[in-house]
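Top to bottom, those sequences are chains Y and F. Position one of the first sequence corresponds to residue 1 (my numbering), numbered consecutively onward. Position one of the second sequence corresponds to residue 332 (my numbering), numbered consecutively onward.
The set of hints was computed from the structure by calculation and includes no laboratory data. Take the hints with a grain of salt, since some may be wrong.
[Stated by the list, open to error] Heads up, incomplete: computed chain Y residues facing chain F, CB under 8 Å, no partners named:
id	residue
1	Val128
2	Phe137
3	Ala197
4	Leu295
5	Thr296
6	Asn298
7	Pro305
Remember, it's a predicted structure, so these values are computed and weren't measured experimentally. Built from N, CA and C at the ideal position, the CB exists for glycine as well.
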Amino acid sequence: MASHPANSTATAARPQAPTVRRLAPLIIFALLALLPLGSLLGLPGHWLTLVTRAMIFAIAALSLDLVLGIGGLVSFGHAAFIGIGAYGTGILISEGQAEILVALPVVLLACAIFAAVTGYVSLRTRGVAFIMITLAFGQMAFYFAQALSAYGGDDGLTLYEKSTLFGREIFANRTGFYYAALGTLAVCYWLARRLVASRFGRVLRAARENAVRVTVTGYDVNRVRLGAYVVSGMMAGLSGFLLANQTDFVSPAYMSWSRSGELIFMVVLGGVGSLYGAILGALAFLITEDVLSSLTQNWKVIFGPLIVLFVLFTHGGIAGLVAKLRGRRDG
Amino acid sequence: MTLSLLIVQLLNGLQFGVLLFLVAAGLTLVFGVMDFINLAHGVQYMLGAYLAVTFVSLTGSFLLGLVLALAAALLLGLALEFLVFRHLYERDHLDQVLATFGLILLLNQAVKMIWGAAPLSVPVPEFLSGNVRLMDGILYPVYRFALIAAGLGVGALLWFVVEKTRTGMLLRAGASNAPMVSALGVDIRKLFMIVFAFGTMLAGFAGAMAAPILSVEPGMGDTVLILAFVVIVVGGIGSIRGAFVGALIVGLVDTLGRSFMNDLLRLFMAPASARATGAALSSMLIYLVMAAVLFVRPEGLLPAKGRS
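Extracted from the complex, chain Y is given alone in its bound form (with noise of 0.2 Å):
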């Protein structure tokens, strides 16, 4: 690749007040930490439970911000990595390896295989093609799985372990699955602002103001995005090692489009491209889903046109919401 700095255009992405961008994501990491201290308080047990899973599904909805928001490009296939993260845990589980230490690399190696594949083809095409084909991909995941008989198939797989360090059982208190969980999204959250603060990340931001310029500087596009999509995809296998331990079962349905969709989603609510809001995207999403469903068995009725009304009447999400409370204007 070359050496010299990259286009000016890379900074100018997305101006945003930079206390806001310093502090919230600090806010949220804080309260995060508190929570289990509620608890103590007297906030019902089940919050743990639905805060530890929406800490997990942030770290699949991060993922897809550094590609979606990022980068520019709408993968609609992101559920298929968090499925890839799931069975491969569950399948070396059920066969007798719940170690850590064997699990992670190879789940991280899975998801980056596919996601380096797929991403190949994927990225030989723009725009609506692009937004297709990871769907395709996913769904093909999706029936992968579901054909997969010696691993459950359509009723998929219940895991009576979890996964062990050195063959501790550090999984199994729930407080500490809790703090699992956290420390692993802040961590993730690190790594992804200091890839888009990076070189490497000024490309991926220039490129999708204006790829064209980009790539006569003298950058491979294509590779920088590929880079990009294998990172989110290793990311989010990472998301789904720590769903099939929250579970203890894995199943098809966690690579369903829908679930992409719902990824999407979190990303959008959030507000698009600035990381801490797709955390924020993912905690009020599950919240929301778990209030409503709490309420009716048919809750979609309410959540699919909340979801239609979002997008018609808002812009920015809840990061963009933020930032002009703060009196300024998000990109």
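Assemble chain F onto chain Y, guided by the hints.
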């Protein structure tokens, strides 16, 4: 024996392809002219099927039920266009994907509430029941032939409208440069309405025609929608000819793959592992075909002219 199976499966593949074409044609037309990606297109197919269930059982006549179902599907589609889609044409594709995704959640659940979650069916009409004897020992249902014929007929009609009529000329012009068409004094809103109504009718028609041979259930549109995406990507986005070719390829590959993959693998594998691999491989086959096509021709087999 194997030959007769092959013939039957070829016909099944053709019939499936024709069905996919009806859905994909509407989708690609709407996208080509309006630059609008409508995920709810699959739901419109599903609504066509459900409305057929209701109206056929109400009227007791298949043809009358079909006509009423089409009219109702059109009305529903236009209502959706007026309430939601119209406000999305100017938005980027992400917004379009998301809003129509929300509609899918709503409509799938609404259908479950109205008609129940259990699969329904429409009886095959009296005058199209029975089988045709192709050759010794091969029978093929008349209704499936009728479906193939109807699909091909609609395809021909579509070709005629798009290539030979004034509306079709405007459609083609709109597909290559909508702002220019608008600037030349054509009411682009009206044109969009016509295109959209067309697409809805095609999807509804496909759903209603499929109702007697497929189980009518919530979510049936999602599967078809994704296959239609594969069809469009393989054929070339915005191209109706491409959609036709792509639909036949996908229909044939999928059907033949599912029925012959096992036997093929058994030539060099143990039966048990051949069955497991065959099931996995045949369900992935069309996606592999899609990947191969994209690898060679990223813009699809028959891309629409005049699009960049």
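Going down the list of hints, with the structure as the test:
| no. | hint | in the structure |
| --- | --- | --- |
| 1 | Val128 | 5 Å, holds |
| 2 | Phe137 | 6 Å, holds |
| 3 | Ala197 | 24 Å, violated |
| 4 | Leu295 | 14 Å, violated |
| 5 | Thr296 | 10 Å, violated |
| 6 | Asn298 | 5 Å, holds |
| 7 | Pro305 | 6 Å, holds |
Checked against the numbered hints given earlier, the structure breaks hints 3, 4, 5 and satisfies all the rest.
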